[in-house]
Structures are given as C-alpha cells and as structure tokens.
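Asker: Counting in our numbering, the sequence shown runs from 4 upward without gaps.
You may find that some hints are simply not true.
Label-pair distances were calculated between CB atoms; the ranges are [stated by the list, open to error]:
{"no.": "1", "residue 1": "ALA47", "residue 2": "ARG70", "range": "28 to 34 Å"}
{"no.": "2", "residue 1": "PRO88", "residue 2": "PRO10", "range": "15 to 21 Å"}
{"no.": "3", "residue 1": "ARG28", "residue 2": "TRP96", "range": "25 to 31 Å"}
{"no.": "4", "residue 1": "GLU99", "residue 2": "ASP29", "range": "30 to 36 Å"}
{"no.": "5", "residue 1": "ASN41", "residue 2": "ARG14", "range": "16 to 22 Å"}
{"no.": "6", "residue 1": "ARG100", "residue 2": "LEU18", "range": "31 to 37 Å"}
Keep in mind the hints are simulated off the structure, nothing from the lab.
For glycine and all other residues, C-beta sits at the position ideal for the given N, C-alpha and C.
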Amino acid sequence: MAALPIPAAERPLALAVRHINASARDPIDGPTLLAALNAERVPAPYAHHVRAFFDEAEIETIGDLVRGGAVTYPTLARGARRCLPPGHETRAWLDERV
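Model the full structure from these sequences, guided by the hints.
Answerer: Written out as structure tokens, the structure is:
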C-alpha cells in the first residue's frame, strides 16, 4: 500500500490526480501517484499516469507538491527527463531547480 500524502501536499495532489484521471483509462489515487513519482523505476501500470502528470500538471501544482514536502525537485527533474522532450516547459522548469 502506498503511503498517505503529507497534509500540506493533499490539495495539490488532489488537483493533479483529478487532472490525470480526466484522461486516464484507469484512474490512479494520490498515494499511488506519489509512490510512482518517488520510485526509482516507475511501475509499468502507472507509467501513463506519470507521463500525464509531467506533461499536463500545472507548474504551480508541481511546485506546491514540493513545498508541501511530498517530493523533491531533483526527484521530479529525474522523472521529467525520462518522460518529456528536452524543450518541454515543465522539464526545463524542473531542471532550473536542481
């Protein structure tokens, strides 16, 4: 079972999950998304969700997750490098923070 989100990260996590689930065939919950974002290797069933997070989540939401203590900029930058092309706005933004 995935860990529960840190209270300060609950709202931005809920926003990200709602956004991702709007286009996902199989929904994901907040703790599972956090576990996948923090994993060294994203579990295959959640690869689509992680890609959607990096491609579609608002930069403000991503920043709020970091400020809430749920994940770090280096961890997210590493994930964005795996999922996004070099010129993508979110990838560049994360790379500037590590």
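Asker: Do ALA47 and ARG70 keep their Cβ atoms within the hinted range of 28 to 34 Å?
Answerer: At roughly 30 Å between Cβ atoms, ARG70 and ALA47 fall inside 28 to 34 Å, so the hint holds.
Asker: Regarding ASN41 and ARG14, is the given constraint of 16 to 22 Å on their beta-carbon distance met?
Answerer: Because 18 Å falls inside the window, the suggested range holds.
Asker: Given a hinted range of 31 to 37 Å, is it respected by the beta-carbon distance of ARG100 and LEU18?
Answerer: violated, 20 Å
Asker: Is the gap between the beta carbons of ARG28 and TRP96 within 25 to 31 Å?
Answerer: holds, 28 Å
Asker: A range of 15 to 21 Å was offered for this pair. Does it hold for the Cβ distance of PRO88 and PRO10?
Answerer: Given a distance of about 34 Å, which is not inside 15 to 21 Å, the answer is violated.
Asker: Okay, GLU99 versus ASP29 on CB: inside 30 to 36 Å?
Answerer: holds, 33 Å
Hint compliance for this structure: hints 2 and 6 are not met, and every other hint is.
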